[in-house]
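So the protein lines, in turn, are chains C and L.
Residue numbers for the first sequence follow the numbering used here, so the first one is 22 and each next one is one higher.
Residue numbers for the second sequence follow the numbering used here, so the first one is 11 and each next one is one higher.
Please note that the accuracy of each hint is not assured.
Pairs of lysine-lysine, PhoX-like flavour, derived with a Cα cap of 25 angstroms [unchecked claim]:
1. 264/L / 307/L
2. 147/C / 19/L
3. 147/C / 12/L
Label-pair ranges, simulated between beta-carbon atoms [claimed, not checked]:
4. 337/L / 100/C: 30 to 36 angstroms
5. 30/L / 33/C: 41 to 47 angstroms
6. 15/L / 205/C: 33 to 39 angstroms
7. 35/C / 15/L: 25 to 31 angstroms
8. 68/C / 25/L: 40 to 46 angstroms
No lab work stands behind these hints: they were computed from the structure.
These numbers come from a predicted model, not from an experiment.
We treat Cβ as the ideally placed atom computed from N, Cα and C, and that holds for glycine.
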Amino acid sequence: MSAAVPLVRIESLVKQYTRDTQVLTVLDNLSFTVDDGDFVALMGPSGSGKTTLLNLIAGIDRPTSGRILVGDKEVSSMSEAALAKWRSANVGFIFQLYNLVPVLTAFENVELPLLLTNLSRARRRKQTELALSVVGLTDRMDHYPRQLSGGQEQRVAIARAIATDPKLLVADEPTGDLDAKSGEEILVLMERLNSEFKKTIVIVTHDPKAASRAHRLVHLDKGVLKEDVHAERGKAVGMAAAISASST
Amino acid sequence: MKFLPLIFKNAFRKKTRTLLTIGSIVLPLLVICLMGTFLKALEAPDPRASRGSFRLVVRHRVSIMSTLPTAFEERVRQLPGVEAVSDFSFFSGQYRDKSARNFFARAAVDSETLLKVFDDAEIVEGSARGWREDRTGCIVGKNLATKYGWKVGDRVVLVGDVFPTTLELTIRGVYYLENGTSATLFFDRRILDERFPSFKGSASTIWIKAKDAAASERLGPAIDAMFENSPYPTKTETENAFRNGMVSMLGNVKLLMTAIGAVIVLVILLIAANTMAMAARERVTEIAVFRTLGFQKSTILGLVLGESVLIAIASGVFGILLFVAAQPPLRRLLLSSPMSSLAATFHLYPEVLTLAFALAVGIGVLAGLVPALRSASRSIVDGLRQVA
Numbered sequence: 022m023s024a025a026v027p028l029v030r031i032e033s034l035v036k037q038y039t040r041d042t043q044v045l046t047v048l049d050n051l052s053f054t055v056d057d058g059d060f061v062a063l064m065g066p067s068g069s070g071k072t073t074l075l076n077l078i079a080g081i082d083r084p085t086s087g088r089i090l091v092g093d094k095e096v097s098s099m100s101e102a103a104l105a106k107w108r109s110a111n112v113g114f115i116f117q118l119y120n121l122v123p124v125l126t127a128f129e130n131v132e133l134p135l136l137l138t139n140l141s142r143a144r145r146r147k148q149t150e151l152a153l154s155v156v157g158l159t160d161r162m163d164h165y166p167r168q169l170s171g172g173q174e175q176r177v178a179i180a181r182a183i184a185t186d187p188k189l190l191v192a193d194e195p196t197g198d199l200d201a202k203s204g205e206e207i208l209v210l211m212e213r214l215n216s217e218f219k220k221t222i223v224i225v226t227h228d229p230k231a232a233s234r235a236h237r238l239v240h241l242d243k244g245v246l247k248e249d250v251h252a253e254r255g256k257a258v259g260m261a262a263a264i265s266a267s268s269t
Numbered sequence: 011m012k013f014l015p016l017i018f019k020n021a022f023r024k025k026t027r028t029l030l031t032i033g034s035i036v037l038p039l040l041v042i043c044l045m046g047t048f049l050k051a052l053e054a055p056d057p058r059a060s061r062g063s064f065r066l067v068v069r070h071r072v073s074i075m076s077t078l079p080t081a082f083e084e085r086v087r088q089l090p091g092v093e094a095v096s097d098f099s100f101f102s103g104q105y106r107d108k109s110a111r112n113f114f115a116r117a118a119v120d121s122e123t124l125l126k127v128f129d130d131a132e133i134v135e136g137s138a139r140g141w142r143e144d145r146t147g148c149i150v151g152k153n154l155a156t157k158y159g160w161k162v163g164d165r166v167v168l169v170g171d172v173f174p175t176t177l178e179l180t181i182r183g184v185y186y187l188e189n190g191t192s193a194t195l196f197f198d199r200r201i202l203d204e205r206f207p208s209f210k211g212s213a214s215t216i217w218i219k220a221k222d223a224a225a226s227e228r229l230g231p232a233i234d235a236m237f238e239n240s241p242y243p244t245k246t247e248t249e250n251a252f253r254n255g256m257v258s259m260l261g262n263v264k265l266l267m268t269a270i271g272a273v274i275v276l277v278i279l280l281i282a283a284n285t286m287a288m289a290a291r292e293r294v295t296e297i298a299v300f301r302t303l304g305f306q307k308s309t310i311l312g313l314v315l316g317e318s319v320l321i322a323i324a325s326g327v328f329g330i331l332l333f334v335a336a337q338p339p340l341r342r343l344l345l346s347s348p349m350s351s352l353a354a355t356f357h358l359y360p361e362v363l364t365l366a367f368a369l370a371v372g373i374g375v376l377a378g379l380v381p382a383l384r385s386a387s388r389s390i391v392d393g394l395r396q397v398a
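Turn these sequences into a full structure, and let the hints steer you where they fit.
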């Protein structure tokens, strides 16, 4: 068995917010790695710093101190412009509320990140169609978000996240706004992205079912790493349920 | 260019609001076009070439209300470059009633010489001879005749105020001036000379037809120099300048219009800025998502600003097209107004249209700038948080 290569390295990460005169420590001296090709679920109670950690890994927020390395890039020290460029090529973000642009069709929504590349129109079209085919929505590409179900909207959002073929996918409660059936479809799709397309996935979730799909459960509490469990599929369900129960 | 469809879709995301915003820019823009054209018409040289041009007007230096002796005419006539001279006295009073609707210019003139100075006037009905032979006759401009449905032989009754007398005039001719100022009633001054002996030998203005442009330029200073030390110092100016001066008697028209224009521009700016700010506020999360996807701050700035400018350009184009379409009826309206003399130069000025368009684009840029800067500089995390 070959040794896993870390894609994300977090070293002594601290994130503090200042509210009026109060300093609030959201992440406190956190260190861990995410291996290339891994599927990690961040769990923990509200306010434990899960979303903050996810935002920091995705490069949309900056740490107070510590380092975050994704691949060979230290994202925590990049300039804002360089970070934006890096995000467009290396990270796909999936939101709980899908966040599709309502005036754009499914095709146009997926094409959005590709507008930032130098690809020709034809090449963009091809790549967009490919992303939509991965999520099984080629027949809905001309539909507007309002014409899609919640599950379909989230699949379009996933297609948008993978359109530029990033190595890392981050998802914040991707099934949080979906019914059980649609949520299950999304999780199956994410599993497929991980196993078939070798995407490294980090999700934030409260849902033990969603977490059970992950290979690894990272339990945060009050900004510190409480538990970090590499799990077999079958065992993960029980662990996730236990973490979820302890979080509430 | 690849962002253009996105900008377009965002601009028309809320169609009613966008159309109302366009409307709120278009209508004031029309007013700006109108005022700009009006100002240009005031400043523009008389377009009439050769026959009708090179007219000068001599008046008392102090005021148009002070008269000049008609004896000056003979002295002016002797000057080289003078082709014809006639005098012209305004007759204020009323036709039918005192309403502005029934106001038009009336002047007591020398029927023998008037049409020599106005050699571009064409008698289209009746005859100049018929007028000259009838002391109570008059000639009226074609636009005036059309407005009141007058024809040769009709009686026109004018009640004077400065000259307290009632004139019963018979229309003996209808004249037409090619470039539009056919809205004055001219009658023979001898009626006033007879009824008001003290008026005899005086006139409000003396009109001169110069031989050419060079003579026109030379004559003004020469005439004013000639009468400088007389009890009636003169001010000689081109017909155009004189006409503008008459309009300016309403006040500092140019300043007034510029001030109104500035206020209008400010109002549009506030309306457009408010709309753009609203549009940007509604899309805080969406903009955060764009930035999460990797859109640079500068691209966001361009998208929001582009949206504002697109709406402004649409307004500018629509406003200008509307003004171009409205220009002929506006001109016709002007012809039947007391300022009919401006109709000759009231046409489409490319510089006015360009200025209006530039103003629209400028408003778009300024209105979109603050919301665009705010949208671009807001932190992504704060923007995403607004979802919850």
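Results of checking the hints against the structure:
1. 264/L / 307/L: Given pair residue 264/L, residue 307/L is violated - Cα atoms ~44 angstroms apart, limit 25 angstroms.
2. 147/C / 19/L: Roughly 23 angstroms separates the two Cα atoms, so the pair holds.
3. 147/C / 12/L: Within the cut-off at roughly 16 angstroms; holds.
4. 337/L / 100/C: 30 to 36 angstroms: Taking Cβ atoms as reference, residue 337/L and residue 100/C lie about 54 angstroms apart, which means the hint is violated.
5. 30/L / 33/C: 41 to 47 angstroms: violated (55 angstroms)
6. 15/L / 205/C: 33 to 39 angstroms: holds (35 angstroms)
7. 35/C / 15/L: 25 to 31 angstroms: Once the Cβ atoms are compared, 43 angstroms apart, the range 25 to 31 angstroms for residue 15/L and residue 35/C is violated.
8. 68/C / 25/L: 40 to 46 angstroms: Once the Cβ atoms are compared, 42 angstroms apart, the range 40 to 46 angstroms for residue 25/L and residue 68/C holds.
The structure shown violates the earlier hints numbered 1, 4, 5 and 7.
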